Amino acid sequence: MRRKKEFLIKCASLILAILASIFVASIFLYVCGLNPATAWQVIAYGAVGSRHNMSESMVVAIPLMLAGLGVGFAFKCGVWNIGAEGQLYMGAVGASAAALYLPCPAPWHLIVVMLAAVLVGGGWAVIPGMLKMKLKVNEILTTLMMNYIAIWIVHYLVYGPWRSLKEINPQTAFFPTSTWLPILVPRSRLHAGLLIGLICAVFMYVVFRYTKLGYNIKVVGTNPKAAQYGGISVSKTVIVAMFISGGLAGLAGMGELCGIHHYLRDGIYRISPGYGYISIGAALLGGLNAWGIVIASIFIGCLFNGVSYLKTMVGSEYLHANAPQLIVGVLILAVLAKGIFVKRLMPKGKEN
Amino acid sequence: MELFITTLLAMGIRLATALILCAFGETFSQRSGVLSIGIEGYMAFAALMGFAGSYWTGNPWLGALLAVAAAGAMSLVHGYLCITWGFSQMVSGIGIILFAGGLTSFAFGKIFGHFSTLPKVKFFEVVNVPMFSEIPMIGPILFRHALLTYAAFLLIPLFYFVFYRTKFGLKIRAVGEYAAGSDTMGINVHIIRYICTLLSGVMSGWAGAFLSLGISHSFQEGMIAGRGFIVLAAIVLGNWNPLRVFGACLLFGTVDALQYKMQILKYWGIPYAFWLMLPYIVATGTLVITRKTRQPSELTIPYLREQA
Amino acid sequence: MPKTTILRVRKISKRFPGTIANDHIDFDLKKGEIHALLGENGAGKTTLMNILSGLLKPDEGEIIVRDKQVFFSSPIDAIRCKIGMVHQQFMLIPSFTVIENIALCLTSLKGFTAPTSKVRDMTNSLFQKYEISEIDPDAEVQQLPAGKQQLVEIVKMLAMNQEILIFDEPTSVLTVQQTGILLERLKKMAKVGYSIVLITHKLGEALAISDRITVLRKGRVVGSLETRNTNKRELARMMVGRDLLEIKRPPADEKKKERKVLEVQSLRTSNKSRGTTTLKDISFSICKGEILGIGGVQGNGQSELFEAITGIRKVVSGKMMIKGCNMTNASPRKIIDMGVGYIPAKPMETGIALGLPVAMNTALRDFSPQFFNWGFLNLKNIHQHARKIIAEYNIQTSSEDLPVRSLSGGNQMKVVVAREMARKSELLILFDPTAGLDVGTIEFIHQKILEARKNAGVLLVSTDLDELLLLSDRVAIMFRGNLREAPRGFDREKLGLMMAGEIECEEKKNS
Numbered sequence: 001m002r003r004k005k006e007f008l009i010k011c012a013s014l015i016l017a018i019l020a021s022i023f024v025a026s027i028f029l030y031v032c033g034l035n036p037a038t039a040w041q042v043i044a045y046g047a048v049g050s051r052h053n054m055s056e057s058m059v060v061a062i063p064l065m066l067a068g069l070g071v072g073f074a075f076k077c078g079v080w081n082i083g084a085e086g087q088l089y090m091g092a093v094g095a096s097a098a099a100l101y102l103p104c105p106a107p108w109h110l111i112v113v114m115l116a117a118v119l120v121g122g123g124w125a126v127i128p129g130m131l132k133m134k135l136k137v138n139e140i141l142t143t144l145m146m147n148y149i150a151i152w153i154v155h156y157l158v159y160g161p162w163r164s165l166k167e168i169n170p171q172t173a174f175f176p177t178s179t180w181l182p183i184l185v186p187r188s189r190l191h192a193g194l195l196i197g198l199i200c201a202v203f204m205y206v207v208f209r210y211t212k213l214g215y216n217i218k219v220v221g222t223n224p225k226a227a228q229y230g231g232i233s234v235s236k237t238v239i240v241a242m243f244i245s246g247g248l249a250g251l252a253g254m255g256e257l258c259g260i261h262h263y264l265r266d267g268i269y270r271i272s273p274g275y276g277y278i279s280i281g282a283a284l285l286g287g288l289n290a291w292g293i294v295i296a297s298i299f300i301g302c303l304f305n306g307v308s309y310l311k312t313m314v315g316s317e318y319l320h321a322n323a324p325q326l327i328v329g330v331l332i333l334a335v336l337a338k339g340i341f342v343k344r345l346m347p348k349g350k351e352n
Numbered sequence: 001m002e003l004f005i006t007t008l009l010a011m012g013i014r015l016a017t018a019l020i021l022c023a024f025g026e027t028f029s030q031r032s033g034v035l036s037i038g039i040e041g042y043m044a045f046a047a048l049m050g051f052a053g054s055y056w057t058g059n060p061w062l063g064a065l066l067a068v069a070a071a072g073a074m075s076l077v078h079g080y081l082c083i084t085w086g087f088s089q090m091v092s093g094i095g096i097i098l099f100a101g102g103l104t105s106f107a108f109g110k111i112f113g114h115f116s117t118l119p120k121v122k123f124f125e126v127v128n129v130p131m132f133s134e135i136p137m138i139g140p141i142l143f144r145h146a147l148l149t150y151a152a153f154l155l156i157p158l159f160y161f162v163f164y165r166t167k168f169g170l171k172i173r174a175v176g177e178y179a180a181g182s183d184t185m186g187i188n189v190h191i192i193r194y195i196c197t198l199l200s201g202v203m204s205g206w207a208g209a210f211l212s213l214g215i216s217h218s219f220q221e222g223m224i225a226g227r228g229f230i231v232l233a234a235i236v237l238g239n240w241n242p243l244r245v246f247g248a249c250l251l252f253g254t255v256d257a258l259q260y261k262m263q264i265l266k267y268w269g270i271p272y273a274f275w276l277m278l279p280y281i282v283a284t285g286t287l288v289i290t291r292k293t294r295q296p297s298e299l300t301i302p303y304l305r306e307q308a
Numbered sequence: 001m002p003k004t005t006i007l008r009v010r011k012i013s014k015r016f017p018g019t020i021a022n023d024h025i026d027f028d029l030k031k032g033e034i035h036a037l038l039g040e041n042g043a044g045k046t047t048l049m050n051i052l053s054g055l056l057k058p059d060e061g062e063i064i065v066r067d068k069q070v071f072f073s074s075p076i077d078a079i080r081c082k083i084g085m086v087h088q089q090f091m092l093i094p095s096f097t098v099i100e101n102i103a104l105c106l107t108s109l110k111g112f113t114a115p116t117s118k119v120r121d122m123t124n125s126l127f128q129k130y131e132i133s134e135i136d137p138d139a140e141v142q143q144l145p146a147g148k149q150q151l152v153e154i155v156k157m158l159a160m161n162q163e164i165l166i167f168d169e170p171t172s173v174l175t176v177q178q179t180g181i182l183l184e185r186l187k188k189m190a191k192v193g194y195s196i197v198l199i200t201h202k203l204g205e206a207l208a209i210s211d212r213i214t215v216l217r218k219g220r221v222v223g224s225l226e227t228r229n230t231n232k233r234e235l236a237r238m239m240v241g242r243d244l245l246e247i248k249r250p251p252a253d254e255k256k257k258e259r260k261v262l263e264v265q266s267l268r269t270s271n272k273s274r275g276t277t278t279l280k281d282i283s284f285s286i287c288k289g290e291i292l293g294i295g296g297v298q299g300n301g302q303s304e305l306f307e308a309i310t311g312i313r314k315v316v317s318g319k320m321m322i323k324g325c326n327m328t329n330a331s332p333r334k335i336i337d338m339g340v341g342y343i344p345a346k347p348m349e350t351g352i353a354l355g356l357p358v359a360m361n362t363a364l365r366d367f368s369p370q371f372f373n374w375g376f377l378n379l380k381n382i383h384q385h386a387r388k389i390i391a392e393y394n395i396q397t398s399s400e401d402l403p404v405r406s407l408s409g410g411n412q413m414k415v416v417v418a419r420e421m422a423r424k425s426e427l428l429i430l431f432d433p434t435a436g437l438d439v440g441t442i443e444f445i446h447q448k449i450l451e452a453r454k455n456a457g458v459l460l461v462s463t464d465l466d467e468l469l470l471l472s473d474r475v476a477i478m479f480r481g482n483l484r485e486a487p488r489g490f491d492r493e494k495l496g497l498m499m500a501g502e503i504e505c506e507e508k509k510n511s
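Protein chains in written order, with my numbering: chain A, 1 to 352; chain B, 1 to 308; chain C, 1 to 511.
Hints in this document: simulated from the structure, not taken from any laboratory. Everything numeric in this text was worked out from a predicted model, so none of it was measured. A few of these clues could be false.
Straight-line Cα separation of at most 25 Å, SDA-like style, residue types lysine to any residue; simulated pairs [unchecked claim]:
#1 C:K148 to C:E184
#2 A:K218 to C:N381
#3 A:K218 to C:K346
#4 A:K218 to C:F371
#5 B:K110 to A:R270
#6 A:K5 to C:F16
#7 C:K82 to C:E184
#8 A:K212 to C:P403
#9 C:K380 to A:F7
#10 A:K218 to C:F367
#11 C:K148 to C:E134
#12 A:K4 to C:Q396
#13 B:K292 to A:V234
#14 C:K314 to B:T293
#15 A:K134 to C:K314
#16 C:K346 to A:P224
Build out the structure end to end from the sequences listed, making use of the hints.
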């Protein structure tokens, strides 16, 4: 009975928070000279109004989902992995390397590419994890720093050794079709990355509910000292969690490359407009559990796409390029606001 | 070669100024127990506001004041969530970075979107210290800077003094080490933390304004480029001690300057990207090498009284 | 001369979610008296005193100081009314020096800047006045032993000119001798005009020095008496509501003493980390069927010893054998697999994961296939086990799926104890298992420990000398990282001297 009540309150708070963020966002829209009511209608249409729009929203949701699941693993383990962006980039690097330089026959090539993305992304995350465990270096700083390093590595590769001389824009050669993720919905950009994302969500659910590893991660995340006394190796658990975290973010990067662009590029057309950071928002909004993250990423994807659509409709004199980011930022703060609602409304009491 | 070193160090000091200003505030905040990873966001928005303010009023100092007010306001939000409500300072900080990033882009587009090239605004002029700036080598390095840079340097002894020689500093350190104990001694933990958090926002405001008005004389999205995080690294490297933090900021500022110069000169055929990575690699490296740092015991731990 | 009432509290009530900590309490304090507030853990004494010192606001009731009603919205208001409190856990800033701590208190009252010579002079004169000679004003508080820290707390109150002094369980960190000295000091201070409230759960102390005793039970005042009119039995009955159980320890079974379950030889740890005590040449052994009690004042190495035996702390030299196998520096996991159960100190901090459900916590430290099979959790078994334990140990919770955090402190502790005892380990290690618990739970746990003794060797580390004497077959005392076993027949007095380092026993070589 009480658990049901707690669950309802959490949902109600989430809805309240979303409403609050819609309100704040409306203020911004108004400041831009737009009528919030019509603006929201356009956004809604842009998000889910047509088949094309819906698929585009899902396209945005895919990397958020994958990276968000990864962030969820790390946060649940008590590690503040802010490095999803960098891990995404490095995953993309791994995927590109495998795509361009490890040719294989058809179905295997894609698998190799995926493996490469996971390995490189995961490895990139393991470094801060090990630094934290062995040398007690703060992981927030290391993961952040490594984001920037990763971005510049990609820049170097794309402008340097991997640059394809055939194209005018700085980019690598096109990936062979053996690495292309199949499109799920014909005449759209929605690619099989969505399936990968959903499979990963199932993976996360199973791990945390049914496996010792998930159990260990949860104990380490809640109370590392208790974990230690409990015979759990905190070091090993953290490193495994970080590897999975980075690996999933790496898959997000791979998804963008093999599902949409089919080459690695940089410059103005970066592969990620901050998906790594936004996925942290998705993870938090989703309450760090698998299905919550899936729903949150789809929601943010819709919002993002809807606002982009609004932007194309009204022209950039009204709405600047990064409006979607702003909306998402408001959403994050709403996550925190949700916490306030929860605290206020929660039935208090200890079992005596 | 001599010229290279001179300009390098001068530039290093210039770049370090922003770091020092920001670190000043954030060290106070962290010593009292509040971590603001949002300083990256504060600086971004402040850089824009400073630039815009100078554009509107024609006076860089007024622009800076606007920047300071904006950053201060954001820091109060962080403070409210984390101090009064006790929310996770990490989550709040991340939220602020995302929000501030989006807000900055948005406001930039709103204010300057219709310009094809950015207007020239009044910026912080370099003020040569009479006589001293003529000294060979040292002169150009130390005595040809904007007023804010001199101010930043003068802040260091002030900071040290407040911290270790006044009762306010004593209270801050107490709150950061043992909030419950300080409470029983009659110290208002929340007020002290609010003041320090606001200080962090205000100084980040100055830092951001200096970046746009004092260094690049322009505004560009993403110009903060992780400097807020570098400040955090500097504070850890400096073991939360004002003098050491200052030294760390100088170090990072110099590396930043090195990175700029090398990009242009293309020395030794090392690709452009590696120079850009350098500040982050150095920051990470120094964090790895430094052992024996001890953070304030109450850092990131909220203090709420009804806990019995 | 009749004493005037300096502090009165009327119908004070304080509710917390799920419990009533203080239920319409009436209490008064006369000037110059020592008034003991007696009650078992959880009776509400500390809550009442936290209200008086300004940390908590009462839901109902009045506080009247010197015949004027006052309202405390924060500690500074209480400080201004000259009420000072020495908390159970010291409220000094550990990394500050003595002078800095005193200066800090003064900052809230007057216009002092950071430690100046004024503060130093004041401190020195206070030290002189109260015959305190052993404290270096420039020493860092965290380097001082508990007894000296307590003195600093007292000087702090004097420096702030407090007149009403509240002491919350002050003797819990002191040796027998230090306790005597403290109580004498309190008597002297009362004679000079200070009004003292002594919060304690120890009947002996209350009877020894107080003028009046008020007994609290479950948040209510059970009675308020002149000390000279009452006795231990009556007080105990008032405190607990019934007569205390007499727990008798049956004599140890000599036959089982063949098998040594734990043997420690010349264990030594490094002294690199700050703030910990190094262990020097620790040797002892425990056989199946006996309880070895290790006592000593907090901070003399007990935690470090516990950590070394459980595999959390590395030892630099020496040997540790469990059931005959060399387990020196083995990982906690290996030690657990050898069949060792342990209940760590502060179990709420290190023994359970507060955010996880009870059922998940009962499976902690258990790697057996019934719960964990090929990396997967056997949820059915885990839940069944959890339900069984909850019933057997009478843990109050409506479901095993609730997060452990929602249980009361005593029940959280029961989860840890239940979990470990249910595993039928051959070596059971306990650290302060009954700290902070109510009498009923304490009796229960003591009984369980004696039960466990039948089939295991038990190492009981405790700062409660009475508990040690009650349960242990043999007693050893830790002092400054050294362990010395006390000869049979040593009583409280002599053990107290050992804890203060004033008797050096011959190191008993165990065969």
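Quick rundown of the hints versus the structure:
no. : hint             : in the structure
1   : C:K148 to C:E184 : holds, 16 Å
2   : A:K218 to C:N381 : holds, 19 Å
3   : A:K218 to C:K346 : holds, 20 Å
4   : A:K218 to C:F371 : holds, 16 Å
5   : B:K110 to A:R270 : holds, 23 Å
6   : A:K5 to C:F16    : holds, 20 Å
7   : C:K82 to C:E184  : holds, 22 Å
8   : A:K212 to C:P403 : holds, 19 Å
9   : C:K380 to A:F7   : holds, 23 Å
10  : A:K218 to C:F367 : holds, 16 Å
11  : C:K148 to C:E134 : holds, 8 Å
12  : A:K4 to C:Q396   : holds, 20 Å
13  : B:K292 to A:V234 : holds, 21 Å
14  : C:K314 to B:T293 : holds, 22 Å
15  : A:K134 to C:K314 : holds, 16 Å
16  : C:K346 to A:P224 : holds, 14 Å
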